[in-house]
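With the sequences and hints as input, model every part of the structure.
Number of protein chains: 4
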Amino acid sequence: MLGNTFGRIFRITTCGESYGIGKGSGLSVIVDGVPPGLNIPLEYIQNDLDKRRPGQSPLDSPRKETDQVALFAGVAQDGVTTGAPLGLIIYNVDTQDIHIDQYRDYKDLVRPGHAEYCFFLKYGEAGDWCGAGRASGRETVGRVAGGSVAKFILEREGIEILGYTKESAGVTAKEMSFEEIKKNYRKNDINCPDLEAAKKMREGILKIKDMGDTAGGVVEIVAHNIPAGLGEPVFDKLNATIAHGLMSIGAVKGIEFGVGFRCGSMKGSEFNDHPYLDQGKVRFKTNNAGGFLGGISNGEDIVVRIAVKPTPTVSVEQPSINMVTMTEEKLSPITRRDATICGRIYPVAEAMIAAAILDALYLARAYDALAKLDDKWMKLKAPKKSS
Amino acid sequence: MLGNTFGRIFRITTCGESYGIGKGSGLSVIVDGVPPGLNIPLEYIQNDLDKRRPGQSPLDSPRKETDQVALFAGVAQDGVTTGAPLGLIIYNVDTQDIHIDQYRDYKDLVRPGHAEYCFFLKYGEAGDWCGAGRASGRETVGRVAGGSVAKFILEREGIEILGYTKESAGVTAKEMSFEEIKKNYRKNDINCPDLEAAKKMREGILKIKDMGDTAGGVVEIVAHNIPAGLGEPVFDKLNATIAHGLMSIGAVKGIEFGVGFRCGSMKGSEFNDHPYLDQGKVRFKTNNAGGFLGGISNGEDIVVRIAVKPTPTVSVEQPSINMVTMTEEKLSPITRRDATICGRIYPVAEAMIAAAILDALYLARAYDALAKLDDKWMKLKAPKKSS
Amino acid sequence: MLGNTFGRIFRITTCGESYGIGKGSGLSVIVDGVPPGLNIPLEYIQNDLDKRRPGQSPLDSPRKETDQVALFAGVAQDGVTTGAPLGLIIYNVDTQDIHIDQYRDYKDLVRPGHAEYCFFLKYGEAGDWCGAGRASGRETVGRVAGGSVAKFILEREGIEILGYTKESAGVTAKEMSFEEIKKNYRKNDINCPDLEAAKKMREGILKIKDMGDTAGGVVEIVAHNIPAGLGEPVFDKLNATIAHGLMSIGAVKGIEFGVGFRCGSMKGSEFNDHPYLDQGKVRFKTNNAGGFLGGISNGEDIVVRIAVKPTPTVSVEQPSINMVTMTEEKLSPITRRDATICGRIYPVAEAMIAAAILDALYLARAYDALAKLDDKWMKLKAPKKSS
Amino acid sequence: MLGNTFGRIFRITTCGESYGIGKGSGLSVIVDGVPPGLNIPLEYIQNDLDKRRPGQSPLDSPRKETDQVALFAGVAQDGVTTGAPLGLIIYNVDTQDIHIDQYRDYKDLVRPGHAEYCFFLKYGEAGDWCGAGRASGRETVGRVAGGSVAKFILEREGIEILGYTKESAGVTAKEMSFEEIKKNYRKNDINCPDLEAAKKMREGILKIKDMGDTAGGVVEIVAHNIPAGLGEPVFDKLNATIAHGLMSIGAVKGIEFGVGFRCGSMKGSEFNDHPYLDQGKVRFKTNNAGGFLGGISNGEDIVVRIAVKPTPTVSVEQPSINMVTMTEEKLSPITRRDATICGRIYPVAEAMIAAAILDALYLARAYDALAKLDDKWMKLKAPKKSS
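Those protein sequences? They're chains A, B, C and D, same order as listed.
Each step along the first sequence adds one to the number in the numbering used here, with nothing skipped, and position 206 is 206.
Each step along the second sequence adds one to the number in the numbering used here, with nothing skipped, and position 15 is 15.
Each step along the third sequence adds one to the number in the numbering used here, with nothing skipped, and position 45 is 45.
Each step along the fourth sequence adds one to the number in the numbering used here, with nothing skipped, and position 313 is 313.
Do not take every clue at face value.
Treat identical chains as interchangeable: a pair holds within one or across any two.
[Claimed, not checked] Subject to a maximum C-alpha distance of 30 Å in a straight line, what follows is the list of computed DSSO-like cross-link-like pairs (lysine-lysine):
#	residue 1	residue 2
1	Lys51	Lys182
2	Lys64	Lys23
3	Lys267	Lys174
4	Lys187	Lys267
5	Lys183	Lys285
Quick caveat, the hints were computed from the structure, so don't treat them as lab data.
So this is what it looks like as structure tokens:
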């Protein structure tokens, strides 16, 4: 397996899987690019991990994991970061044989919507059949822990990142300002800050759950107070690296910024965000572009939505194939499942966006710092005042 | 500027801008990871470049560029690749002072929907004001040339990649099979293989053009005959690297695979693609997932759609800001423009997808080759036949 | 801090420091690019860790660390690798306050030959003053554990890597064949397989130790049974990536392949290794080049030597500077130290070389696999037999 | 072929080979990470290219190449850098059939000391047999052009990099200060600033040449006025990335910093460089470490030496193997050759060091810039003055 690292300067490298070797197994993240002198409370990271922890609501899988994070590297005797990479570990707890036995029962079967057929092709029978291995949602524990560090650093810069459920079970939340989203963030188990919509979503999802089925949705993430100028103009546009990070989350099937797919039916004069001066600063009257111009942040909020597929595990009999015998079989209904992951996926999305933004911030400052060595250019760069 | 390279093993590195230094300026791509022994006709690459060349239709900008590609490195005396990186160069032709003068007129102005404000922040007045520099659509010449090499190599594997306009000016093309798309590929200047829809789209776009405005759209790209097993399970899922590549194209505001955003309102039992055996091979009855399971190709066609924003240059007066004097001004209507880029962006999307797929193919084979060293594992890996 | 990852496909990412937060602190390595289906005994890795463990001989620092490695990710219930990244952790044991207090005494002082002045510049007072942090020799624990996995995989390919002390305390070991080196590998605490020389080296080093001083040396590493064709022709020559890896070990001040610096006074006709046919295979009569042609392995043993500086911690008073008060001070003699690290550095060098070779092997196979798709080229590639 | 890019932020990507397709063939470099606003005279780059150009002295190969560089991307109408990647191209001139015919004569033969056997293994018969392709010294044209840009940027920071021949034909230059080296830099065709030694070296080399043979040597490069704090503590130590860059030059067989291999026979108390205060700045009384502590620059000159092997092309009959027929043959003496490349390799070494240092400078500033966001740390970081 390759590709367990995300980022260029701020980098997270993760390992660990759903069950692994059972006792003693865990998930870990090494976080490179952390500044020295930070006092990151473990509770801060734990809080982000708690957002994605299952077993907290009737909408979730009943799997019980405490997801307690421990920090074993990168801080000094006084608990302050030294600049060295952080090492964080979360040991698996719910590794009872009873669940592993259930996985063993259908380990050779293709479960519709799950990745084991592709894993079988890549890793053979030696691949991890137990709880989906690295294809499990449990893999995201490392992302959340690592991204939480990025969020902590960004908050010191005044940058805030909030995700919430925009749409599920046919219900769509109303338009809300960043402040409104923030006010009712995490006020309910579907994490929809439009409380009326939340109620209806919840009812809709539970109805679907009762039918033995699962619900998808759309999650919107807003990054607030972003400095203009982040991102590189060609392949590494900031919206491209954010898209990379978000699309690498298992359940995501689509990504759009600003008005997104609606832009396809808009005219240029409608879509263009018009600039104006706000206390000497360039701002834009609308944010159809979702915070970007040419892939570089323009100072407006970054607004991105992800399409979240319904959880594939359903309590309905489905067609399957036994990969070892290569025969068609039936997969029995499975009871332990998430009714939707919309209420638990947002911390993962927040983590990936935070990591991408912080990485871009480092690169922007690297380039700025060097560019500014040249006095002549410095002079030019500072926007001249009108005389 | 950073981030002018895309890919890990199959890599393209580009440079060049819209006008650059004027005479003698050009765009170039270095293509790493090309196998030896290939006879890639220059006409093959030229053909892809011609797809994106402006000035060929009333839908396009009238800029005249011949975009003639020359190959200066990576092949032997007999024209066959040696395994060394290819060097391709396309010199700018349309560098008349008359156009540069036009750009000079509004070089300090923010053009709505364009990137110069962000460039000004990053590169100051020394940045390239002429024709948008690396933020220009012209930058994509290098992508197309490099991606064309990837397409050529993939075609030898039987993999074909086709893009077409799915939606524009309020008209949506009907559902078509890969063969239907292929049959009418590039049959009209909006490149919509549903010929009825194409006619209506064209009319709608020209009407918008006459109003001094521009149209957006949705472009779908289908990659056919993809081997199952490409992509890495965590951060470098193949759909994630494809999303990275596509979102790095200037005009793209959204990306979705398979049913995409529609998945948000589907139930798990509806969304799941069910497997069956087709002549001893695992196939799926539907392709809601767009060719992926857990971010790894599952053998079905990769189906991806991009939201293309309307070209920002419009013949309508717009509010602006002079970045040097920091005063609000008006931007006059601009006449030389594309009515839409839907009919010219598809080769860029094809190029990025081809590059991402070939890169994943290399990585898959690297890993396979090593994994297969282990006899025991080899034996396991081959799916056992039922007795 | 950046740069805690080594490799492109086979990659090790490490974290952890000498003392860290004290209790609960540890060192960890995430190993990406491990094939599935391997049964890597923990004892194998532990054995490599034991080679570098201090406190085993009068030549070493008396620090007591058990360096017990635990595997928490990447293997299945049966202990076999799944293809997922391995997660290995080694908790610190010797974290008694008594030693930390000693470090606290001179935490603001520049210790000659140590890195804290540079760390102070980069990380300020928040940097890790305790036991040298990531600049400590203890950092290499992660390298050895990760590199051990590479060695295990390479051994299945028949590739063996052995390091030994070639020179120390003015004594030089005689020329030995790979078999001779192997026979007496690790037979003494200076790890010199020329047993006569070993005895003299040991005496010399202990004499230097008695003077309160330390000894340097030269360590040679031989990689045996290497396939020809590894390495990339330009920037990523295999000898270049090996040099990168070896020079990243703290104590290394020089690297040479084959005859190394002696080549400067040789003539071309003397230096050139002449080819001959050995049972239909190309071999070379001499190995002045140390196993490389144009940076690509030529099938002969890779022979590389590293210059190991004498341990900087000495029991002699030395000039120093207090970095906080910026005053000149004296650094008192320090007693807890290694007389030389020649007898403990070879597993680190073996690890880095193993990681570099395995990474090159993956890349070679990635490229081969793709190149071989082309039948025509395949035919050409197989060296034709004479008729 | 992979690995045609060097660097992380300041990156050079090269292509091109010795003869390539003949007419129209060339070498190119794309330089990423160039600040905007620089007026880099083409003459500056040309001057560096002229240093390595053959055919200028009896010590060189008589091949006639003008190596005229053209800049086609990355600068604006006024010739000033825009921040976009630079595109530089150097067309091949000396592509007469007469020389290509000579190469054709022995295209299937292993030439001792050359790389074609390894190329044959990797790229088959389709590989480039003509003039050694990317294994040719001619490949270094792209490095020199790209590295020259780095040197230009570094010089604005006050950093100077000079290489010279330290040793050849049994003659060693005396110890010289940076100023002395600079004074007599490029004063003779062996580029040895010790003019007495230069004369003797030259005589010795010409004597070896008359015997139909070639000479090696040792080249020392000194980087002056380096800020302390460059390089990352673990795998990407600055001396490690410099070693990577230098060892990737074809003829280099060894690298050493400071006293280098001599450290193996020194005691710790001798080797340690002792700090002192010089006008409030930390300096070191000696520079045995060659400018590094823990792989991070310590503010002293970076001093590195490379072992340069004698050119493999000799006018002496040598054993060979025909790779196609797999039979032992004889390789006839070859007349067109360099008597030594010591007098032409130093600009390549300067280029690689410049690229590595500038890249580290970017990374250091990226990290610094972010670290400094934290006021508390800022305060700590500034070394406190004694009261």
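Against the structure, the hints:
1. For a Cα distance limit of 30 Å, the shortest separation of Lys51 from Lys182 inside one copy, 15 Å, qualifies, whereas the shortest one across copies, 47 Å, does not.
2. Both within a single protomer and between protomers do Lys64 and Lys23 lie at most 30 Å apart by alpha-carbon distance, with minima of 15 Å and 28 Å respectively.
3. In this homomeric assembly, Lys267 and Lys174 come within 30 Å of each other (Cα to Cα) both inside a single copy, at 24 Å, and across copies, at 23 Å.
4. When the C-alpha separation of Lys187 and Lys267 is checked against a cutoff of 30 Å, the pair qualifies only between copies, where the shortest distance is 25 Å, while the shortest distance within a copy is 38 Å.
5. Taking identical chains as interchangeable, the C-alpha atoms of Lys183 and Lys285 lie at most 30 Å apart only when both belong to the same chain, with a minimum of 24 Å there against 45 Å between chains.
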